[in-house]
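When you get a sec, could you build the whole thing from the sequences and use the hints?
There are 2 protein chains.
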Amino acid sequence: MDAIQRAFPTLTQKLDLRRQLDTIKPDLATIEERLRFQVQEFDPGISGYVSYALDSNGKRIRPALVLLAAHASGKSTPQHIDLAIAVELIHLATLVHDDIMDGASKRRGKPTAFAKWGAELAVLLGDCLFCHALKLSSNFPSQEISRKIAEAANEVCSGEILQTQRRFDLKLSIPEYIKIISMKTGALFRVSTELAAVLNNCRPDEILALRNYGDFLGIAYQIYDDCLDLVGTEGSTGKTVGTDLAKGKLTLPLLHVLAQSSPAEQEQLHNIILHGTPESRTELLAQVVERGGLKNAVRRIHSYLDQAVAALQVLPKTGYRDTLEGIPRAVAEHVATLG
Amino acid sequence: MDAIQRAFPTLTQKLDLRRQLDTIKPDLATIEERLRFQVQEFDPGISGYVSYALDSNGKRIRPALVLLAAHASGKSTPQHIDLAIAVELIHLATLVHDDIMDGASKRRGKPTAFAKWGAELAVLLGDCLFCHALKLSSNFPSQEISRKIAEAANEVCSGEILQTQRRFDLKLSIPEYIKIISMKTGALFRVSTELAAVLNNCRPDEILALRNYGDFLGIAYQIYDDCLDLVGTEGSTGKTVGTDLAKGKLTLPLLHVLAQSSPAEQEQLHNIILHGTPESRTELLAQVVERGGLKNAVRRIHSYLDQAVAALQVLPKTGYRDTLEGIPRAVAEHVATLG
Numbered sequence: 124m125d126a127i128q129r130a131f132p133t134l135t136q137k138l139d140l141r142r143q144l145d146t147i148k149p150d151l152a153t154i155e156e157r158l159r160f161q162v163q164e165f166d167p168g169i170s171g172y173v174s175y176a177l178d179s180n181g182k183r184i185r186p187a188l189v190l191l192a193a194h195a196s197g198k199s200t201p202q203h204i205d206l207a208i209a210v211e212l213i214h215l216a217t218l219v220h221d222d223i224m225d226g227a228s229k230r231r232g233k234p235t236a237f238a239k240w241g242a243e244l245a246v247l248l249g250d251c252l253f254c255h256a257l258k259l260s261s262n263f264p265s266q267e268i269s270r271k272i273a274e275a276a277n278e279v280c281s282g283e284i285l286q287t288q289r290r291f292d293l294k295l296s297i298p299e300y301i302k303i304i305s306m307k308t309g310a311l312f313r314v315s316t317e318l319a320a321v322l323n324n325c326r327p328d329e330i331l332a333l334r335n336y337g338d339f340l341g342i343a344y345q346i347y348d349d350c351l352d353l354v355g356t357e358g359s360t361g362k363t364v365g366t367d368l369a370k371g372k373l374t375l376p377l378l379h380v381l382a383q384s385s386p387a388e389q390e391q392l393h394n395i396i397l398h399g400t401p402e403s404r405t406e407l408l409a410q411v412v413e414r415g416g417l418k419n420a421v422r423r424i425h426s427y428l429d430q431a432v433a434a435l436q437v438l439p440k441t442g443y444r445d446t447l448e449g450i451p452r453a454v455a456e457h458v459a460t461l462g
Numbered sequence: 124m125d126a127i128q129r130a131f132p133t134l135t136q137k138l139d140l141r142r143q144l145d146t147i148k149p150d151l152a153t154i155e156e157r158l159r160f161q162v163q164e165f166d167p168g169i170s171g172y173v174s175y176a177l178d179s180n181g182k183r184i185r186p187a188l189v190l191l192a193a194h195a196s197g198k199s200t201p202q203h204i205d206l207a208i209a210v211e212l213i214h215l216a217t218l219v220h221d222d223i224m225d226g227a228s229k230r231r232g233k234p235t236a237f238a239k240w241g242a243e244l245a246v247l248l249g250d251c252l253f254c255h256a257l258k259l260s261s262n263f264p265s266q267e268i269s270r271k272i273a274e275a276a277n278e279v280c281s282g283e284i285l286q287t288q289r290r291f292d293l294k295l296s297i298p299e300y301i302k303i304i305s306m307k308t309g310a311l312f313r314v315s316t317e318l319a320a321v322l323n324n325c326r327p328d329e330i331l332a333l334r335n336y337g338d339f340l341g342i343a344y345q346i347y348d349d350c351l352d353l354v355g356t357e358g359s360t361g362k363t364v365g366t367d368l369a370k371g372k373l374t375l376p377l378l379h380v381l382a383q384s385s386p387a388e389q390e391q392l393h394n395i396i397l398h399g400t401p402e403s404r405t406e407l408l409a410q411v412v413e414r415g416g417l418k419n420a421v422r423r424i425h426s427y428l429d430q431a432v433a434a435l436q437v438l439p440k441t442g443y444r445d446t447l448e449g450i451p452r453a454v455a456e457h458v459a460t461l462g
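Keeping their order, the protein sequence lines are chains A and B. Going by my numbering, the first residue of the first sequence is number 124, and it counts up by one from there. Going by my numbering, the first residue of the second sequence is number 124, and it counts up by one from there.
Rather than coming from a laboratory, the hints here were simulated on the basis of the structure.
Lysine-lysine pairs mimicking DSBU-like chemistry, simulated, CA-CA at most 30 Å apart:
1. B:Lys294 with A:Lys239
2. B:Lys239 with A:Lys370
3. A:Lys239 with B:Lys370
4. B:Lys370 with A:Lys233
5. A:Lys370 with B:Lys233
6. A:Lys294 with B:Lys239
7. A:Lys370 with B:Lys229
8. B:Lys239 with A:Lys229
9. B:Lys372 with A:Lys239
10. A:Lys229 with A:Lys182
Per the computed footprint, the stretches of chain B lying under chain A, defined by three or more beta-carbons under 8 Å from a beta-carbon of chain A, are:
11. 220-228
12. 243-249
13. 252-260
14. 275-287
Pair ranges (Cβ atoms, derived):
15. A:Ala152 with B:Arg422: 52 to 60 Å
16. B:Ser265 with A:Glu164: 17 to 25 Å
17. A:Gly355 with B:Val354: 55 to 63 Å
18. B:Ser228 with A:Gly232: 32 to 40 Å
19. A:Ala387 with B:Thr153: 54 to 62 Å
20. A:Ala152 with B:Gly226: 39 to 47 Å
21. B:Ser228 with A:Gly226: 17 to 25 Å
22. B:Ala152 with A:Phe291: 38 to 46 Å
23. B:Ser265 with A:Val354: 46 to 54 Å
24. A:Arg414 with B:Ala152: 56 to 64 Å
All C-beta atoms, glycine included, are put in the ideal place defined by N, C-alpha and C.
Written out as structure tokens, the structure reads:
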């Protein structure tokens, strides 16, 4: 998920987009303040944990998507701020639980809730954040909004279950992989942009356009983030090569190479995936790059990013639409550095 | 929580209550069927897990409370069935996560999701059930209902956090203990009976009466269940003496004796709680019984059960009110066997 945060700096360096990003800044500040204010809604005995989870140094990409989609489809209203807060809380809840799954000790340079207080407390803390988000989402006058937020949360968790279930599953197909990441990452992106348009009472084709935009963008981001397992990133918060593979998480570049291999080659690859040493796994990933797995994944990312841009064409041409288009374009520039 | 299931057989043996319990049977069967039907709302890849969690052999006490409270405050409607399903799903979600906390291998004779598929999958499965319950609860025409269900779910998780946090905390006071169990167990009981009356558009005093009834009943049940740590229960699904104490969970009988002890005695008790052997802990619990800790807890349980019965007096005198009153009375008979 960190790919998103890494992608944003590029975006904000684009002078022609900065003006729109500047207009949403006050709303983002309000969201930040209101997110921190949520602590007061919890029992004093647990507010310390909640406060720690909320103060996660996140770049608030989903709230930014809500606000930009709101402007691009009409205007930003107080309800858009409520939507952004609910979606971000669900995201934060999933991060708390993700860190348990991954046994992660740090996230963005800070010890995770799991590392600080153990799995038990982290499970419950994530639950509290989920419930609180869904309580906030019950305040929308339209049930459609509340239901779609809960559905998206369900989809994120279901996607994570599928991913966990399919670890080391050598039969995982590329369409299945795409479906899983569309659930796990696409769902919250999609609901952010789709519901922003719903709140503005947009036409069905505009709502669908923003929904597709969010979905394609989420899928592209996740493939990109998964590719980092092959090439790594610098810095303390970055990914180390081969972490996913060691856990049996099969990502797109590898799936592509598997699909291209002869039965004999497949058997060899399966053997390394299931029983390999760290060294043989690193060697396998190098082979995946060499055999075009990464290139193929990069091609697919570009295709999803292009589809995200194309989806927006039904919206009126405004500076905000330009900014929404600028996000996949900025990601594309990042992706190009993968090779 | 098993105390509830253990209490029900007594209740159904009371001939004068059986008629009312019989009237809600068709609705309970509908709820059972609709609960199982929920599986279809999940991705096919995870429906096996969901189905396993739903098929938990639970006695559906919360659905029964919803239906009885519905009849006692007016009539049972399709919305009451929706309420019962949402509340039961939240309960089932918390059980899946509880079993991770407790490292429980079995629940009601069946391996737990945690034991079958590991902590990771159990965390995500619980999350899915939570999200699904809250999605269902977003379908009520009144936002008050959806919000109160989400609030109750939040309270259950917050209560569990407080309990986890206060393990081995020798400063835990009796009012704090009562507050924790009112959150952890009272909240879902309370919301079951309260919202049944809200759906019937009852007067505020009737709604409050049913809310208080659920709260008092939930607190009484939980104290009773906690007392079983001192005396145990037979059978494979029962509790073994001292399990809570070994985990640092301080229950009412022990808290009472601690409060009655001199500083020197307290120091001795603290030492066993923090550093004791299994034998010294068993010895400590025997001492707690001897020094009246269990008797005091039993007294308090009776007081909460009496308050539950008393709360109902504002409701019209009907067979259903009698049945609701019969539940705390049946629990009281069970409790009397504790000594």
